[in-house]
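Peer 1: With full-length UniProt numbering, the residue at position 238 of the sequence shown is 238, and numbering never jumps.
Just so you know, the hints here were simulated from the structure itself, not pulled from any lab data.
Think of the CB as a built atom: it goes at the ideal place given N, C-alpha and C, for glycine as much as any other residue.
Fair warning: there could be bad hints in the mix.
Estimated spans, in silico, between C-beta atoms of each pair [claimed, not checked]:
1) E421 x P258: 20 to 28 Å
2) A255 x R44: 43 to 51 Å
3) H475 x D114: 17 to 25 Å
4) R393 x A300: 29 to 37 Å
5) Y409 x D360: 38 to 46 Å
6) Q342 x E364: 30 to 38 Å
7) A515 x S335: 31 to 39 Å
8) E143 x P368: 25 to 33 Å
9) G84 x D114: 25 to 33 Å
10) L243 x D34: 12 to 20 Å
11) D461 x L175: 39 to 47 Å
12) E367 x E143: 25 to 33 Å
Here are the simulated PhoX-like pairs of lysine-lysine, each with C-alpha atoms no more than 25 Å apart in a straight line [unchecked claim]:
13) K238 x K46
14) K99 x K153
15) K339 x K328
16) K238 x K225
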Amino acid sequence: MTTTEGTTPAPAEPAGNARLLPQTGDEYLESLRDGREVWIYGERVKDVTTHPAFRNGARSMARLYDAFHKPETASTMLRPTDTGSGGQTHPFFKVARSKQDLRDSVAAIQTWQDIGFGWIGRTPDYKAAMLTSLGAIPEWYGEYESNARFWYKESQEKVLHMAHAIANPPVDRGLPVEDTRDVFVHVERETDAGLIISGAKVVATGSPLTQNIFVTHFMAPVQDKAFALTFIAPSAGKGIKYLARASYEQAAATASSPFDYPLSSRLDENDAILIFDNALIPWENVLVYDVAKVQEFGVATRWTPRAVLQSSVRFTTKLEFVIGLIQKALHITGSRDPKAVQAQLGELIAARNMLVGLRDGMIEGAEPGPGGAIEPNQAYTRAYAAHAPAIYRRMREVAQTVVSSGLIYLNSHAVDFSNPEIRPLMDRFMRGSNGTTALDRSRIMKTLWDAVGSEFGGRHDLYELNYFGQPQAHHLASFGGAMTDGTMARMEGLVDRFHEDYDLDGWTAPDLIRADDVRTIGK
């Protein structure tokens with residue numbers, strides 16, 4: 001491997017030059033034209049903003065940034081910064097100090113999710129869940145405190161789009177981390193400029209279209225400081241490479257059309273393999289380089305409850321979108337009236353309502369967090385994280401059950417409607433119930449198929465199933481939380497108090513009447 005110790009690309013704004021508003025969609029797109037090393041289908045991508053594998057995904061992300069600058073959304077999307085810049089930012093990029101801060105954050109998150117219809121899993125506000133810890137407890141980062149303060153300010157004022165790469169490749173998991181040095185991210189050596197890093201992270205969702213990458217060691221015990229890292233990498237840094245998975249967007253563009261795959265063709269977030277090949281990470285980008293601290297990172301920063309709050313808004317929006325699709329599909333098939341069908345759709349609506357209640361509980365039951373912050377209630381975040389995957393699986397099952405073969409008997413491509421020889425046949429035999437034209441039927445069914453049946457839809461099922469790890473872990477966390485916060489003691493106390501009212505001889509409570517005058521046994 002070649003050592004690459006060159007300097008990292010300069011940010012879009014000079015360091016320390018505060019912005020009054022976050023970047024625009026055009027500025028975001030321009031920031032991606034930086035020579036980053038993305039590989040797909042055996043070739044290096046010259047420009048992710050024009051390549052058919054990424055270009056409409058990039059523009060879908062740019063729409064989010066444009067929401068800061070549109071009169072109809074700016075009032076929801078913007079709040080004053082707390083960095084002293086005098087500017088405004090997305091409220092979720094600020095340390096929350098009150099329940100109202102969390103309410104404002106959810107309103108902004110919802111605005112973005114409505115733009116992406118709930119299908120963009122890694123909108124920039126997801127990473128804000130962690131980045132706010134840099135502002136809440138910068139002193140926890142010790143010798144890298146100034147770095148924490150800088151990145152809090154930088155990310156807040158620009159609303160940076162930052163990827164999240166924490167998963168190690170699933171290689172030799174039974175061995176200590178140190179025994180898989182050829183695969184896992186580690187320090188090769190230290191230099192005056194920074195750390196020279198090699199190794200890989202997997203499932204770096206959306207990373208080819210981000211401006212920076214947040215990387216940390218996660219979960220597995222570590223003893224060697226070389227692996228005990230948390231840092232922010234520049235997306236176009238030398239020695240940083242992305243091996244992209246197959247692009248659903250490009251597949252739709254090449255062999256299909258937006259009409260046939262309307263989700264795949266613009267909302268695909270490529271889950272790239274992120275490789276550091278003797279890459280320089282400047283000292284200014286390092287947040288943790290210590291065995292003890294990297295193991296405490298998740299507990300000390302307590303970023304997970306905020307991440308769950310953000311994801312609950314996204315997930316609920318996606319669920320609402322699919323429920324709406326199913327309802328329209330049932331209108332087309334003429335099978336909306338049977339009670340059994342309505343009950344299954346009602347089951348999904350009930351699940352949606354439960355998730356909204358959990359989200360509101362996270363806010364209204366908010367608890368004190370690190371550094372004087374306020375954080376979402378963990379009892380509700382654990383409940384959401386435990387149950388959301390099963391709800392998603394059930395949603396797909398209901399869609400496939402109640403719509404059934406309606407998802408399959410569809411025309412091959414949008415161009416079929418332009419063929420005068422077969423168009424009359426399509427209009428006659430592919431029409432839907434209740435006056436639905438063949439064209440409108442095809443539009444709805446193809447969208448629903450893309451959501452629950454295509455490769456894009458299958459990827460989202462896997463994504464939601466593993467979003468916060470195995471549900472068992474969250475059930476165990478709920479149990480542990482109840483044992484430590486007094487909830488279990490209260491529940492056991494209810495039983496104890498119930499039993500205090502009677503004994504072997506009958507009622508002991510003074511207000512209850514003993515049965516001595518009527519009982520026939522044991523007199």
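Peer 1: It remains to establish, for every hint, whether it holds in the given structure.
Peer 2: Structure-based check of all given hints:
1. Range check, E421 to P258: Cβ separation about 24 Å, and the 20 to 28 Å hint holds.
2. Judged by the Cβ atoms, the range 43 to 51 Å given for A255 and R44 is violated: they are separated by roughly 23 Å.
3. Taking 17 to 25 Å as the suggested C-beta distance range, the pair H475 and D114 does not conform, at roughly 32 Å.
4. Judged by the Cβ atoms, the range 29 to 37 Å given for R393 and A300 holds: they are separated by roughly 34 Å.
5. Distance hint check for Y409 and D360: the Cβ-Cβ separation is about 42 Å, which falls inside the suggested range of 38 to 46 Å.
6. Between Q342 and E364, the C-beta spacing of about 32 Å keeps the proposed range 30 to 38 Å intact.
7. Between A515 and S335 the CB atoms are about 58 Å apart, so this pair departs from the stated range of 31 to 39 Å.
8. A hinted range of 25 to 33 Å holds for the C-beta pair E143 and P368, which are about 27 Å apart.
9. For G84 and D114, the hinted distance range of 25 to 33 Å is satisfied, since their beta carbons lie about 32 Å from each other.
10. A C-beta distance of roughly 18 Å is found between L243 and D34, which places it inside the suggested range of 12 to 20 Å.
11. Between D461 and L175 the Cβ separation comes to about 31 Å, which falls outside the hinted range of 39 to 47 Å.
12. Taking 25 to 33 Å as the suggested C-beta distance range, the pair E367 and E143 conforms, at roughly 30 Å.
13. Pair hint K238 plus K46 holds up; C-alpha atoms about 15 Å apart against a cutoff of 25 Å.
14. Restraint check for K99 and K153: the C-alpha separation of about 22 Å stays at or below 25 Å, so the hint holds.
15. A hinted pair counts as satisfied when its Cα atoms are at most 25 Å apart, and K339 with K328 qualifies at roughly 16 Å.
16. Using a Cα cut-off of 25 Å, the hinted pair K238 and K225 holds, with the two alpha carbons roughly 23 Å apart.
Comparing the model with each earlier hint shows violations of hints 2, 3, 7, 11; every other hint is respected.
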